[in-house]
Structure formats: structure tokens, C-alpha cells
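Put together the whole structure using the sequences plus the hints.
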Amino acid sequence: MADNAAIYDLGYSHYQGGRLAYSASLFTLYVESVRIAFGLGRRFVYKVAPLTLLLIAVVPAAIALGIASVIGDEIEPYRYDNYYGIVALTIALFCAVVAPDLVGRDVRNRTLALYVSRGISRLDYIAIKIAALISATLLFSLIPQAMLFLGNALAARNTFTYVTDNIEAIPRIIASALVIGLLLGSLAVAFAAQTTNRAYATGGFVALVVLSTAITNILFEAGDGGDWVYVLLGGVLDVLEGSTEFIFSSPIEPGTDRDRAEFERGYYLVSLLAVSAAAIALTVRRYLRMPL
Amino acid sequence: MLITTESLTKRYASAVALDALSVEIPPGVIGLLGPNGAGKSTLFKILLGLIEPTAGRAVVLEREVMGHHELRTLVGYMPEHDCFPAEVPAATMITHLAQISGLPYAAARERTSEVMRHVGLLEERYRELGTYSTGMKQRAKLAQALVHDPPLLLLDEPTNGLDPAGRNEMLELIRRTGHELGISIVLSSHLLDDVERVCDYIILIDKGRLVRAGAMSEFTEESQVLIIETDGGEPELAAALELRSVGAQIEGSTLLVDLANEGVYDTTLATVVELGLPLIRLERRRRSLVDLFTAEEQEVG
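Protein chains in written order, with our numbering: chain A, 1 to 292; chain B, 1001 to 1301.
A hint or two may mislead.
Claimed, not checked - Derived CB-CB ranges, DEER-like:
| hint | chain 1 | residue 1 | chain 2 | residue 2 | range |
| --- | --- | --- | --- | --- | --- |
| 1 | A | Arg289 | B | Tyr1105 | 30 to 38 Å |
| 2 | B | Asn1036 | A | Gln16 | 53 to 61 Å |
| 3 | B | Ala1086 | A | Ala207 | 36 to 44 Å |
| 4 | B | Tyr1126 | A | Gly17 | 19 to 27 Å |
What the hints assert, rightly or not - Simulated coverage check for chain A against chain B, where a stretch passes if three residues somewhere in it have a Cβ under 8 Å from a Cβ of chain B:
| hint | region |
| --- | --- |
| 5 | 12-18 |
| 6 | 41-51 |
| 7 | 112-119 |
| 8 | 138-151 |
No lab work stands behind these hints, which were simulated from the structure alone. Keep in mind it's a predicted model, so treat the numbers as computed, not measured. Heads up, the beta-carbon is just placed ideally off N, CA and C, and yes, glycines get one too.
Have a look at this one:
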């Protein structure tokens, strides 16, 4: 006790400084959530999975860049519209691993109480968490795309012409990156918000991505045409690729189920937005009812 | 008044958590006392504006409702349950929460060190919260409630899960925080001893209703008793005292006589002599709040 008194006597002073606006608190929450997603400010072990996945997402673009610089021509194997096939899986795994860190703490540790008692509304809180995860996925989709674009531009005979010719690809790159992050991020958060068990959250989400695609493909084959073709709108990977193809208005890869289904490709994007909205609604509902 | 509630009622589908609770709470260190399920946590959540009362109203620091701004500046809340993520270093979490309360980053860091020193965790501040003992976690929870320097702290069962030594430390910490830093504190507890040791004012609630509220001194005045041991004659003596309108309860092999006024001494002695009982012990003692509360509860029940 004597020690304590001595320590106390060094002086506790009240806070005299200013306080920032509510929006600054929300920004703090956003930044911290993005940091959590990449394990920043945590032990090294929390950085391993996100950074490894990020590396995996970037490597194909880096290789393509290398090849392009050697052969001095545009990168052929990877285009802006099909690169997502490669990174979609790494984004899905990233969301699967990170979503339980972002929202699981509220379910497991009831951390939400510390924010709500500081005046952060539940709706703002969960909206920011979802936004943070989606923006974290943008690194996965935009870094490799930026590398492809730069590589192509530098390898092209005339860099300036390449940039002006392909400038309309940029909004499409960003739009498709956003919708991919939206679907995978909102689904992963919806799973993580329902359970205290990390393995269930991660496993459930991965199972949904893989099984929905497998099952819809089986149904597609079994249905053999007719209205059955619309089952493809229920497969996560088909929806992702279909939406990307729609955004880039690029031809459907020949021979795929999507090619044979032959329906309006905008439906994939509609399905993507509808599923994301449902997942977000489920998460919001959970958060509005979460006990403190 | 620090807090005023008027007919504050909270009904859930299956239960009534608060039943027309009206109480005026002065500034200071306030003990909110009641058994589990008495409505303590519900009252806190209403005061914080986290849940809406079914009826009635609550005024905290002269404000009807707690909006964003009020919560961020006026109140620090320590939840009852464990609320920290395990993998985050304590200082990181508390700095972050200070920023959530509106402090700029540099100030948040400075305040974090300040409050962690206050709660005695300065040396351990970079450890992950998951590695903290229960006592350290409770102190870290107090630190996060204090970090934005609010004039009012609501502490929900701050001694929960602590061993006797940890409880002593926590109570001492609360006492210092309240009395030396001039911060008003409402602490809830189901342990009377906690409240008795640190609070200036006590509110007893049970089943969502106010049993009693008053300054600690009132309770101690009333808790004066006379302990009498008469080698088996206690029931007889109690009955005789009852006739002379002196309250007494048997406790084990002793009789506790309410010392309402000095005259009780004479009355009691006279009665003992009258009954011819062997007087083994006659002692003046302060009755503990535990007894008092049990008595109140019986009356209410």
C-alpha cells in the first residue's frame, strides 16, 4: 500500500484537452478494424495468414510482370477481367480468417459494450466493421491489378497510347473489386457474427463458398437446360465471375456452365447484390439484438 | 443530485427488471446494493441510455437522455463481464478506446499511461489482455472507464471473481478514485461488505424495487445493537422485551437488541433481572450491513 501511495503521489491529473467529433471516433474505429484485419499492432502470428494470402494474390501478377518485361509485350495470360478468378479464393480465405477477429470478439468477449457505452451506435459500429473488411479486400484485388496495368503500360510499344486506350478499364477494375469484396466480406461477417466458435465461422463460410458452387453446378448438369440454368445464380464463385464478366462486358469463357446457361449476365450482379444485402441484414439484426 | 430516477420501470417479456424505482442519488461514492437479479445492471444500462425504460424517467448529471456526446464525455462504464479481446495488448486497447471517446491520439496515449499507472498496471501495459489475471483484467476495465476522464463512473460488480486480496486492492482503488480524484462513482455489488467499505451513500434494491436509500452514516447509526448472552434464556428475554416494545432478534446463542435510544440499556437490564436470567455478556456493537439488509429484506418479503 505504501508503494501505491508513493506512485499515486506522482500526481494524477485530469484531462484538460479537447475532444474530437463523433465522426473522428468512427474513423478511429475504421482504422483500427482495418489494422485488426492485417494483424497490425498484434503479435506476429496474427499477421501471418493475412500477409501470406496477400502475397499469394500478388504473386501471379508479379510473375506476369516479369514475363512481360522479358518478352517486352503485353501480359497475355492474365487480363483484368479474369485475374479475379485467381484472387477470389485468396480473398475468400482472407475473409474467412479475419472476420472472426473483427466481429467474433463482440460475440465471444462482448466487446461491443465498451463501444456502445462510449456513444457509438450499434448500426454505425457494424457498418464500419463491414466497410473495413471490404476495404481490406481491396488490397488483394487492386494491388495486383495496378501491377498488371503498370506492367502492361510499360511493356506496351507506346505507354501513353496504352493508358489512353485502356483508361476505361480502371473504373471497371474498381467496380469489380468492390463487388467481390462486398459479397465475400458480407457473407464472412454474417457467419462470424452468429457464433462464438471461430472454427464454425471460418468453416461455415468456406463451406458455403465451395458447396454452393459445387451443388449449383451439379444441379445445373442434372437439370439439363430450361429454367434450371438459373441455379447458377446461387453459386458464390459463378456469381463472382459472372458479375465480373458483366462489369467488364467481356465475353463469357467458352465451355463453362455460364456460357451454356445463356441468360442475361446482369442477373449475376443482381444476385450478388441481393445475397450481400441479405447477409448484411442478418448481421445488422444480430448486432441490434446483441446483449451487452 | 448526481442521478434522479422517477418511477423508473423496465419490463421484459417474462420479468420486471425495475419496478417503479424512484431514488435521488447525491454525488460521491455510491453503493448500489442488491442480490443477483435485483435490477442493478438494468439500472446502469438505462442510466447509460443503452436501453429505454418502459416507464418513468432518469436524469443523470442534469441530463434527461444520454446522447453520443454525453456518453463520450461524462460517463465511464465498467461492464460486469469480461469484455476485452484476448490478443490485444492492454495499452493498445485502452488507447484505442480513449480515441473512441474522442481524445486525439497523442492525448489518448498519455492518458492511457496515466490511468494504467493509477490502477497499478503501468509495468504490465504492453502485455496481451488474454494473459492478464482476473484481478488485472478488472483493473484494466476500470482503467478504460477512467481513460477519458469522465466525472461519473458506473462500475458493474467491480469485485466480481476476485480473491480476498484482489478485492481489497480493487476497493482501495475505487476509494482513491472516488475520494481523491473527485470522481463520482456508482458501484454495484451483491456483497454488502464491498459497499460498506468504500461508499458514502447506499441504495438497496431488490426485485427491481427500492428497499432503502441513505447516507452510510444513517445506516451505521441504526446499526447499533446490544449483544446479550444469557445462557439459554434468550427466547424468554426476547418475548419480554417485545412486550416493552424493544426489538430483538436471536442470533445463535446471543440476542441482538436494537439500540434505538439510551433507555434501551436500562429496560434490557431491568428485564434480565426481572426474569432472573444469568447475564453472561452485554456488549454494544455496530451491526453489520449484512444483518441490516437481511432485516430489511424480511420486512419487504
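Status of each hint after checking the structure:
1. A:Arg289 and B:Tyr1105 have their C-beta atoms about 33 Å apart, which keeps the hinted 30 to 38 Å range intact.
2. The hinted range of 53 to 61 Å is not satisfied by B:Asn1036 and A:Gln16, whose Cβ atoms lie roughly 40 Å apart.
3. For the hinted restraint 36 to 44 Å between B:Ala1086 and A:Ala207, the CB-CB distance of approximately 26 Å leaves it violated.
4. At roughly 24 Å, the beta-carbon separation of B:Tyr1126 and A:Gly17 lies within the given 19 to 27 Å, and the hint holds.
5. Here's how the region 12-18 of chain A fares: 6 of its residues keep a CB closer than 8 Å to some CB of chain B, so the rule of at least three is met and the hint holds.
6. For the region 41-51 of chain A, the stated coverage by chain B holds: 4 residues have a C-beta nearer than 8 Å to a C-beta of that chain, and at least 3 were required.
7. Only residues whose C-beta sits within less than 8 Å of a C-beta in chain B count toward coverage, and the region 112-119 of chain A has 7 of them, enough to reach three; the restraint holds.
8. Coverage of the region 138-151 of chain A by chain B is violated [criterion: at least 3 residues with CB-CB distance below 8 Å; count 0].
Checked against the numbered hints above, the structure breaks hints 2, 3, 8 and satisfies the rest.
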